[in-house]
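Engineer: So the chains spell out like this:
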Amino acid sequence: MVNFVVALPCEARPLVAHYRLQAIRGAEPFMAYEGEGMALIVSGIGKVAAAAATAFLHAITGKGGDRGWINAGLAGHASHPAGYGVLAHKITDHSTGESWYPQRRLDLPCDTGEVLTVGRPEKDFQGSWVYEMEASGFYATACRFSTSELVHCYKVISDNPDVPAAQLTPSGVEKLMQEHLGVLDALVNGVASQVQELASREADPPEMERYLSRWRFTVTQCHQLRRLLRRWRTLSPGRPAWPDGLEKLTRARDVLACLKARIDSDSSAGRVPTEG
Amino acid sequence: MIHTLYVEEEVAEHPRTREVCERFPRAVRILCRRYGEIFNRKAQNFRLQKRNPALILARKHGRLVLETPPGYGLGDHRHFYFSHMLNCLYDCRYCFLQGMYRSAHYVLFVNYEDFRSAIEAKISGFCGETCFFYSGYDCDSLAFEPVTRFAENFLPFFAGHPEAWTEFRTKSTQIQVLLERKVIPNCVVAFSFTPLGISETLEHRVPPIEKRLKAMKELQERGWKLGLRFDPLIYQPDFRAHYERLYSDVFRVLRPEGLHSVSLGPFRLPKSLYENMYRLYPDEKLFAISLEERKGVLSYPRGLEEEVTAFCTRELLRHIPGDILFPCHVPA
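Line order of the protein sequences matches chains P and B. Letter by letter, the first sequence follows residues 16 to 291 of the working numbering. Letter by letter, the second sequence follows residues 4 to 335 of the working numbering.
Hints are supplied without guarantee of correctness; some may be wrong.
Capping the alpha-carbon separation at 25 Å, the derived lysine-lysine pairs in DSS-like fashion look like this [as the list claims (entries may be wrong)]:
id, chain 1, residue 1, chain 2, residue 2
1, B, K298, B, K274
2, P, K275, P, K263
3, B, K274, P, K275
4, B, K185, B, K217
5, P, K190, P, K138
6, B, K228, B, K217
7, P, K78, B, K274
8, B, K185, P, K275
9, B, K274, B, K53
FYI, nobody ran anything at the bench for these hints, they're computed from the structure.
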């Protein structure tokens with residue numbers, strides 16, 4: 016699952032069309048969309064709006080496990096030409112001075128750069144900063160929900176000293192975003208495969224359901240069961256995780272004890288190699 | 004290959020920073036205020052990062068030289084460790100670093116001059132006592148030598164302090180820096196080993212055993228004092244055959260009389276680090292087998308631990324004299 020956070024409807028439209036997303040009903044006060052393994056929210060302008068939208072999207076799309084998060088949108092720069100794409104490797108909040116350092120991805124055909132989140136539109140671009148208004152709010156919030164390797168900001172330069180922001184039109188914005196769908200596809204694919212990897216690592220063992228349907232486990236016991244079944248699967252792959260005599264047990268804690276005893280016995284009896 | 008260099012503003016102009024940056028001209032260089040902004044952040048996944056770690060260049064503040072935990076170290080001397088680097092080029096599944104740090108990026112503290120001053124202060128503070136200084140606690144002492152030039156910088160320092168001992172602990176074959184200079188009698192180069200099958204499974208990116216032994220042989224022939232570290236001892240059903248073979252391979256190449264010390268210690272992990280490691284590698288057999296908690300440390304069930312340790316000790320004593328064997332004591 017990959018979630019997009021964009022500031023403006025005209026930034027969102029090319030993504031909604033490209034990924035064939037459908038509007039989510041009842042997502043007011045935001046406009047939000049979802050599709051196959053993906054969701055998108057239009058935050059509005061500014062870091063507070065971006066933070067709120069990120070949290071809102073997290074809340075309405077489910078809370079389980081790490082998801083990919085991408086903030087995509089337009090930005091200004093002192094020298095980069097319009098249409099130049101940059102993946103953030105550093106995000107600094109201009110008002111607080113705090114910085115974040117998104118992991119650099121080496122699998123993307125684009126440069127990385129330093130993004131400065133400002134509180135109001137900037138015309139006087141300094142140094143090598145990529146100026147925009149959402150990244151710090153987005154990034155700090157998304158990292159509360161997912162591991163930082165899955166959280167990224169991709170900015171397309173729309174204005175510079177030669178092309179002021181006042182000249183931008185909604186259709187011009189859409190065109191700029193459209194031109195970067197290829198890079199965003201690559202970013203989505205890279206992040207999605209990491210999401211998948213983490214999800215498969217955290218998935219319940221296949222036998223879990225059978226246990227849960229037969230005995231009543233407390234929440235703590237469920238954690239214990241999950242761990243024991245994972246250990247069983249790791250130590251004895253291919254052997255059904257259902258020790259002899261289990262059916263006769265009536266209490267969940269006896270089931271756990273039985274499983275643990277069997278794993279301990281196999282471990283110490285030397286039936287379980289560490290290697291291979 | 005390093006693709007990303009994070010550089011603390013404070014050390015941006017440090018000569019060692021410039022030297023390291025010049026080694027990676029194509030790496031993207033990103034300034035930061037303190038390395039903790041990157042290294043200590045929550046919401047990081049060590050396992051994902053380990054595939055492509057960045058290098059962080061920083062200044063070490065505060066206590067630069069620390070006493071080793073009780074039970075560690077060789078004999079009845081003063082034992083200290085210092086960490087010019089955090090994290091290791093290798094990826095050993097049993098290594099506590101992956102449970103201790105949130106980030107897999109390498110941190111190199113470039114202010115070697117401050118480490119040397121701190122070591123000098125300890126030496127003069129414990130005047131008359133033998134002090135040992137270990138460098139391979141939070142990293143491999145030699146593996147990153149072409150970049151860090153750690154040994155190149157610290158060997159002359161210890162040569163000038165014959166009253167203190169140092170140990171470089173490594174699994175690396177980066178020994179050129181040692182071969183190129185005169186032997187320093189108060190320096191021990193200690194190599195860690197596990198048996199072949201275990202090494203191939205659990206010690207990712209580590210040079211093969213035969214290459215490490217070849218490096219040790221070269222050093223021994225030049226007169227360097229060597230250490231052997233069989234820590235952690237890893238259990239498997241046929242551990243006897245594996246360790247017998249390992250010791251036989253080792254002592255076929257090395258002369259026991261040229262060894263400074265041999266140490267061994269059972270597989271053990273503080274519980275909190277074990278939990279972090281298990282979360283990263285829930286499908287790892289090493290963490291799935293039954294372990295026992297004793298005083299906050301997880302290890303093999305006592306009987307099994309004693310069996311493995313006793314066997315390895317007996318086997319080692321067939322090759323070496325008892326006075327150079329130092330078992331690592333863990334809480335009972």
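Engineer: Could you grab the alpha-carbon distance between K185 of chain B and K275 of chain P and see if it respects the 25 Å cut-off?
Structural biologist: Given pair K185 of chain B, K275 of chain P is violated - Cα atoms ~57 Å apart, limit 25 Å.
Engineer: Taken at face value, is the distance from the CA of K274 of chain B to the CA of K78 of chain P at most 25 Å?
Structural biologist: It is violated: about 28 Å lies between the C-alpha atoms, which goes past 25 Å.
Engineer: With a cut-off of 25 Å on the C-alpha distance, tell me whether K190 of chain P and K138 of chain P pass.
Structural biologist: holds, 22 Å
Engineer: Taking only the CA atoms, is the gap from K228 of chain B to K217 of chain B under or equal to 25 Å?
Structural biologist: Distance ~15 Å between K228 of chain B and K217 of chain B Cα, so the pair holds.
Engineer: For K275 of chain P and K263 of chain P, compute the direct alpha-carbon distance and say whether it is at most 25 Å.
Structural biologist: Given that 25 Å is the threshold and the Cα spacing comes to 16 Å, the pair holds.
Engineer: Does K275 of chain P lie within 25 Å of K274 of chain B when you go C-alpha to C-alpha?
Structural biologist: Satisfied, since the Cα-Cα distance of roughly 19 Å is no more than 25 Å.
Engineer: Within 25 Å, alpha carbon to alpha carbon, are K298 of chain B and K274 of chain B?
Structural biologist: Status holds; Cα separation ~9 Å.
Engineer: Please verify whether K274 of chain B and K53 of chain B have alpha carbons no more than 25 Å apart.
Structural biologist: It holds: about 22 Å lies between the C-alpha atoms, which stays within 25 Å.
Engineer: Between the alpha carbons of K185 of chain B and K217 of chain B, is the straight-line distance 25 Å or under?
Structural biologist: With a Cα-Cα distance of about 19 Å, the restraint between K185 of chain B and K217 of chain B holds, given a limit of 25 Å.
Of the numbered hints stated above, those contradicted by the structure are hints 7, 8, listed in ascending order.
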